[in-house]
Amino acid sequence: MPAGVEQEKAVSGAAMEIAVSRHDLLRELTATQSVVERKTTIPILSNFLLEADGDRIAITATDLDQSIRTSCAAKVKKPGSCTIPARKLYDYIRLLGDGDISIKLLENHWVQIRAGRSNTRMVGMARANFPQVPEFPESSVTRIPVASLRTLIARTIFAISNEESRYTLNGALLILKAESLAMVATDGHRLAHIEKAGESFPGINGEKKVLIPRKALQELQSLLADTDADSLDFADDDSTLFFRVGHRVLTSRRLTGQFPNYEAVMPRDNNKFVIVRSQDLFASIQRVAQFADERSGAIKMRIEQNELKVSSSSAEAGESEDTIETPYSSDPLVVGFNSAYLIDFLKAIGNEGEVRLEFKDAQSAGQVRPEDASDDYKYRYIIMPMRI
Amino acid sequence: MGRIRVLSDQVANQIAAGEVVDRPASVVKELLENALDAGATRIRMEVEGGGRKLIRIADDGCGMSRDDALLAFERHATSKIRSSDDLLQIATLGFRGEALPSIASISRLELTTLPADQPTGTRVEIAGGKVLSVEDVGGPPGTTITVRDLFFNTPARRKFLRAETTEMAHVTALVTHYALAHPEMHFELHSATHALLTAPPVREATERIYQIFGRDTLDQLVPLAAERRFEHAGLPEPPPWRRDEDYRPPDPGYLRVSGFVSKPALQKLNRNSIYVFVNQRLIRDRLILHAVTEAYRNIIPPTSFPVLLLFLEMPPHEVDVNVHPAKTEVRFRQQSLVHDFVRESIRATLMKARPAASFVEALTATPRAASSLVPAAGEPEMPGSDPVAQPEEAAPFALSAPVPRPEEVRLPFSGSSMVAEAAVEIQPAGPVPSPASSGANGHACSQQILPEGAEGAPSLASLASLKPLGQLRESFILAVNDEGLWIVDQHVAHERVLFEKILRERKVERVNRQRLLMPMLIDLLPQQMAIFATLAEELERNGCEAEPFGPHTIAIKAAPAGLAGTELERMIFEVLEQPGSDSQSENLETARTRIAASIACHAAIKVNMPLDPARMEWLLAELARTEHPMSCPHGRPIALRYSWKEIQRAFQRI
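In order, the protein sequences belong to chains A and B. What the first sequence shows, in my numbering, is residues 8 to 395, in sequence order. What the second sequence shows, in my numbering, is residues 765 to 1418, in sequence order.
These aren't lab readings, by the way, just hints derived from the structure by calculation. Just so you know, not all the hints are guaranteed correct.
[To be verified] Calculated pairs, DSBU-like style, for lysine-lysine (alpha carbon to alpha carbon, straight line, at most 30 Å): (1) A/K222 <-> A/K184; (2) B/K1321 <-> A/K367; (3) A/K307 <-> B/K1321; (4) A/K279 <-> B/K1321; (5) A/K316 <-> B/K1409; (6) A/K279 <-> A/K307; (7) A/K367 <-> A/K307; (8) B/K1271 <-> B/K1321; (9) A/K385 <-> A/K316; (10) B/K1370 <-> B/K1321; (11) A/K216 <-> A/K307; (12) A/K385 <-> B/K1321; (13) A/K354 <-> B/K894; (14) A/K46 <-> B/K1370; (15) A/K316 <-> B/K1271; (16) B/K1116 <-> B/K923; (17) B/K1370 <-> A/K307; (18) A/K95 <-> A/K85; (19) B/K817 <-> B/K923; (20) A/K222 <-> B/K1370; (21) B/K1231 <-> B/K1321; (22) B/K923 <-> A/K307; (23) B/K1116 <-> A/K354; (24) A/K184 <-> A/K307; (25) A/K111 <-> A/K82; (26) A/K216 <-> B/K817.
Okay, chain B solo, but in the shape it has when bound (with noise of 0.2 Å):
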């Protein structure tokens, strides 16, 4: 008899399922996809025991026939797709007919569904991967699915999972994100206990932003949108004398990207607060995390990372999401064009919104380790989550990483506009929640809509208007325009300057040098002599004509203007310093924009400064004609502004 034997459905279901199905998060994103492709409007969903206990999900979609229903448990059973042509063509979320037999394998499952022409429904149970009972229901129109004791077959993978509340955080995180890409639609969310998340449909994104995270975040997030045709790049075309008589060339279709970018003052520690949906669909992409990051260069520290929201649109054949059964990852046709592209927008988007970071909000503004994907400043919108309130049951919401509660730094007069962590004091209008009346409230909480922004937008596009007034111990400006009073840090406000005027010169080989009396001889150590070997020719066009003097010295012949002595031998050592771990890949790019953030920073106008009045107007009037006059090239912000409005709350004349 031969060893070697065809497994049973059943065991190639449970091994399907170690790939699909990871954590009770992934059961509901799955089901969730499901429902969002049946083209739910309205979509509920309660999980107990961190998703181990129970996971069920109603929607009001299509709903399912009484075939389709038990159809829909074979292996690569699906609606979505009809032949391997469509893979080019992914329109819906699933298409891989793994999901419902994978769950069905691992846990004891309910699938009741109703078709919205059909009088009667269907009621399936399975255990195990087998059909227990198949019954007729009635009911409203649509599709419930209830999954208890995942894993109950499963031990191995029951005992990875991790503790209750992490698995729940998950899940809480995870219908966030696609109650963001959703805005039309109705999510609700609820544990054992009480709601974790409600959101109406509403018109827009922003709202539902609003709906969720709160005034706050939304304050600190700038709007963005952009589209442009696909390029043509290499699609195959058949050749003329094959093409039909009515033959078309096929529509590129637009690459369109919406969504949400932080302000700089909006800084975390990971990149877990960057959520890209490509058509929808929530995905972790290597490529699009590195034109965001491509994007703050030098605007935020290179250790932080932003808030974003981006949703990516194109046509479904250029973006193949069939790379990992979860679908987190997807491949670009065009890759390098996707690339440029989200990086130009978000560069455009945060040129154009200037935005002035507040005062008070920077106070508490320290990056942190933001929690794994649930933005802090959800807290308050989320009924439930008031800590004194409901202690254990909040825990849900410190999800895997908790947030560290920021020190008390605030000034008195703080206001509403504090930021996220602050929040759960700032409750909306109405009562603070209590364990009772937790889900009703969080239903009130979630009905307010959008309050207008009664003060613009704080901009930097009025620097240019600003008056000084005087320094603050030879270090800070300050100054006043109509908007209010601004604190201009004049060091990090004159390296913007300069870093972008060197960058221009250098584009154009137009650096000014000096050139020196006597060499610098500056020594080096070994691997510093081999970075400066690299980077010769580099800094040589940027005004620092320099040479090997020996074999662990160089002589500096000649100096970017400006830059002279301790702060020349300085800048040399910024630059030749092993540039992290990442070194290989540092590109030409990143080290001339390196190498130009050291010299200007070198060379910049230092804090304990002297300025006379004409010289601090000349800096402001150069700072308002910069590119980024909001955060220096190393990520630390500029200017920062107490608005008439903070300044009249705080004296109490409103």
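Isolated chain A (complex conformation) (with noise of 0.2 Å):
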């Protein structure tokens, strides 16, 4: 029984001892204490990994689904491993003060823990019962570029749908070529893609697709948004995908199931299109929803001759009407959208700039893309128009 055997390792095997600094560690606990569940009904799920060898300690959190693990550098004095409960001890680590901490595990999972005049101990739980986190393959590893993906994921992680039942939408599409990177995600109403060319992946031939849940998407994003570094490694099995940022890894259970194809329902003959700023659009959607229907949220958008016009009325609240000018000479058109759908897009693009609404009628899909020829970027948004 290897997990007998490990825990009669850790027992007789004595007490972890490791001194670290309390810097160190509270920003590895930071990156990594968002991937504990919360309201487990595993008990050992809300516990940090902390292991002990060499000249770092290295810490693990896992919620089954994914997992993250990192390190420090650490004084360590005697090698071994225990576990902690994860949020005491990341909000006791944050009200120290700065300096060395010593971590020593003693009897029965008690840890002892030591920082100036203060001294602490907690109980943790037997190291054998923390699940096996999956390694990081050093095969087939792809290089990313962290300032794409972090643009990728930024401009569609809004349109994952948050129904959890209809899993195959709970995740972006990573979407890998050999010169190019793209991300799609989509909720049934509104879909996001965009593509960034001009980048150069020497192991993939031809395409390959990747979906990635929400969750992992998240802790990616602020993985990302916390390094330095200028690329990311990537690799996949069967089951788990890896992303190693820095000294970081974070691994997620694959999601399965076939992305809808999105190919099919991108618009290609929408001929009618205004040019508006971003800031304008959104100040009069923002204005103009307030008086929308309280549940679909939806605004009429009418485009005529040299302006757009937002409105919305409902029986409770009013109605309200906002008027962009803006070069339009074609046929008019009356189209209705949800207004939120419309607004996650321009916070996503930062608002700024402007951007391109092309439609064809009122009942087919509307897309929207910012207007920037430099940009390397190629972004667009599809919406369902609302029958109003």
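With the hints as a guide, bring the two chains together.
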């Protein structure tokens, strides 16, 4: 029984004992703690696993669907490992003053933490109970530029379905080609698609599609925000996705299932378009949406001779209309949308520059994209209209 | 010799008796109606052995002369109508002239009658339809009929009688109903050993309900009163040239309804607690029952029934009671007018009253198979019903379907606001009746006058003033106002809000619909496909655009705003569910509300969903603006209240 043997070792192999800088430890705990389940029914999952070896201490957290493993420098007096209640440890370390912290494993899973004049004991659980976390495979690793992936995630993550049961929509699809990188997400009403050309992925032949769960994307987003590295390592196997950002490794269980055929819904002949400034449109929609139906958030967009009118009305709140001047000379058109969907998009592009709104008719999908030719990113946002 | 013979009167009467008198309760009914028709103000009944042994009914009505008393036992002899024209104008409860001879032919009957203005009365004894003796007697004015050994000469009928207690229950129920219909009269019902019902005259039906059922039932009822003029749809009037000089168009008269309807919190598993009186006659009419069910649709669950006391009044020519000898069925001349009037009156009453359920009541207020006719609440006010004191005598009150005692799930401080079943424990002031004193005690109980409503009737009208405090397990909103602490189920509250909004939008064809990026394909069973075909148009108008996509698949292209993914799919399946056994009768209106209810349910805020304070305030405000804020379209309660008084009482502050 390996578990028994390991437990034996943890007890007999005497206590782990280390000293670590509070600043370093706190930084790594901060990066890790979001994975720890708040409302877990499996007690061990609300613990950090600490493993001291050589001159580093490794910290691992997992909720079984995903895990983060990180490490920081430490003075290891006695190598070993222990588990500590994550929430308590994190909150406690945050309250300590800067300086060195010593962590020592005592008998019966008690852990002693000393820092300056503070002395604390908490009880962890048997290390052997901590689930096995997948190891980063060193084969078939793809290097992805951090900046590109950061942008891709930020501009698609909001369109992922919130509905847990439609699990193929609970993630974004990452598409790796030899010279480009793309991501697409949808919830069945709108779809965000972004492509970055001018990349180079020598290991990729043809096309590689990976469906990444929303939760993993959120973790990845914070890891990417907190790194100086230029690129990250990505790898996958049959069941798991691996992302290595600096010294931190995020793993996530793969989402299986068929992502919808998004290419079929991309509009091709939206020949009526207007170009407006993002901030004008954003402000107008925000104002008008105050008077939209509470449930649907429906607003009407009317384009006619050189203007775009945004309007709403509801029996409860009243009605409202904003007019934005913009060149337009084609046939007038009225089309309804959920205002929240447009606001999501405008927020994602940072409310800057100009956007181009492209329509065909009141029943067909509308397309919105940033009007900025210089950008390497090809970003498209497709929204289905509402009949109001 | 021919084989066909004319039957003797006696046999004919026995046959007629089969129609009129099928159990002791029908004898009581006939005799009671006679007493009422005679203008009695005080009626005393004694029933022994479930009515088989003895039924005696004494009234202080107009009485009969000697000749009339004898004639009364001839078949089709009646004082109530004279010609067939009178059948159009029946203002009395009886009229067929069948009851007395029928009863007389199957029992040993003794009639003592004395008209008020004559010095001597008459006593007639009849057995099995044969007059045994006629003699003069003295006594108080009025009529007393004693029926002994009912069915003694009709073994077939006797064989089919139910247990004594069952028959007794029917009698009790019947008398209760008539007592309710005539609050201005004195009713007494006695069994061999004790009084079952004692109801001195009171001014209003409210007080009579209090006398009979007690405070707790009364608290669950909302008074109802409405009237409208009859329209002259199709009543033949003579053409102008044939009218007399002094012709006046006949007065169409009024249709009035009064009575009591239960709050949604009070639910029964059968229709037995719906009492309908037409011109003070107890009837069981499908039309009215349907109107009642319609009125409560989307207020209480479809499998539950309300408690109702409805008194319909209309000119006699508007209703035909001569449909069946038992006269429990009637025909209305203007059926749909009566139906819609009843439905709308009940709806309007409920809408206006906005009754709020008390939390304590809701705990025990599970719908139950109510006793056949007497609501369980009748127990405390009926002396002798104390099961501890008189278990065997209490049996009649268990009635045909004994009411299961509720489990004792109550808060310890329930106090006297408990619902019906617990009422046995809350005897009104006065000693607990002992077998010996039960009669007197019953009288004492019934002497109680209706207490003034110390606490304003709980009403949801004050919902608008609620201030949310927070959520209980992210499922229930806790809110307070001056009236007390309220607990609002966030899901059903939102469901109610959406339901009414969807119906409103549907009416003006302004349903917001969100087109789907990719059509959603749903596989259906063959019968679901069939139902889909019938409902597709209505679904479309509710914002759900779907079309067949192959033989057993539909493709949804647009959905009502706010409904997506699985919820949309579930909604579709729910709507396409075989709508019960009476599917044929599902009309468009019903389908429409069913679809709206289904959409509302699936689009509404769920339980286990955190809400910020602004959203809670919004929900409560929206709820306050709905028409029926008391229950969701499926009939569950929305808001329950701990009144300030209950709270104070619980903490022993008062």
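Going down the list of hints, with the structure as the test:
{"no.": "1", "hint": "A/K222 <-> A/K184", "in the structure": "holds, 24 Å"}
{"no.": "2", "hint": "B/K1321 <-> A/K367", "in the structure": "holds, 17 Å"}
{"no.": "3", "hint": "A/K307 <-> B/K1321", "in the structure": "holds, 20 Å"}
{"no.": "4", "hint": "A/K279 <-> B/K1321", "in the structure": "holds, 23 Å"}
{"no.": "5", "hint": "A/K316 <-> B/K1409", "in the structure": "violated, 56 Å"}
{"no.": "6", "hint": "A/K279 <-> A/K307", "in the structure": "holds, 16 Å"}
{"no.": "7", "hint": "A/K367 <-> A/K307", "in the structure": "holds, 15 Å"}
{"no.": "8", "hint": "B/K1271 <-> B/K1321", "in the structure": "holds, 22 Å"}
{"no.": "9", "hint": "A/K385 <-> A/K316", "in the structure": "holds, 27 Å"}
{"no.": "10", "hint": "B/K1370 <-> B/K1321", "in the structure": "holds, 25 Å"}
{"no.": "11", "hint": "A/K216 <-> A/K307", "in the structure": "violated, 36 Å"}
{"no.": "12", "hint": "A/K385 <-> B/K1321", "in the structure": "holds, 28 Å"}
{"no.": "13", "hint": "A/K354 <-> B/K894", "in the structure": "violated, 100 Å"}
{"no.": "14", "hint": "A/K46 <-> B/K1370", "in the structure": "holds, 19 Å"}
{"no.": "15", "hint": "A/K316 <-> B/K1271", "in the structure": "holds, 28 Å"}
{"no.": "16", "hint": "B/K1116 <-> B/K923", "in the structure": "violated, 51 Å"}
{"no.": "17", "hint": "B/K1370 <-> A/K307", "in the structure": "holds, 29 Å"}
{"no.": "18", "hint": "A/K95 <-> A/K85", "in the structure": "holds, 24 Å"}
{"no.": "19", "hint": "B/K817 <-> B/K923", "in the structure": "holds, 15 Å"}
{"no.": "20", "hint": "A/K222 <-> B/K1370", "in the structure": "holds, 22 Å"}
{"no.": "21", "hint": "B/K1231 <-> B/K1321", "in the structure": "violated, 41 Å"}
{"no.": "22", "hint": "B/K923 <-> A/K307", "in the structure": "violated, 77 Å"}
{"no.": "23", "hint": "B/K1116 <-> A/K354", "in the structure": "violated, 47 Å"}
{"no.": "24", "hint": "A/K184 <-> A/K307", "in the structure": "violated, 39 Å"}
{"no.": "25", "hint": "A/K111 <-> A/K82", "in the structure": "holds, 12 Å"}
{"no.": "26", "hint": "A/K216 <-> B/K817", "in the structure": "violated, 90 Å"}
The structure is inconsistent with the numbered hints 5, 11, 13, 16, 21, 22, 23, 24, 26, although it conforms to all the rest.
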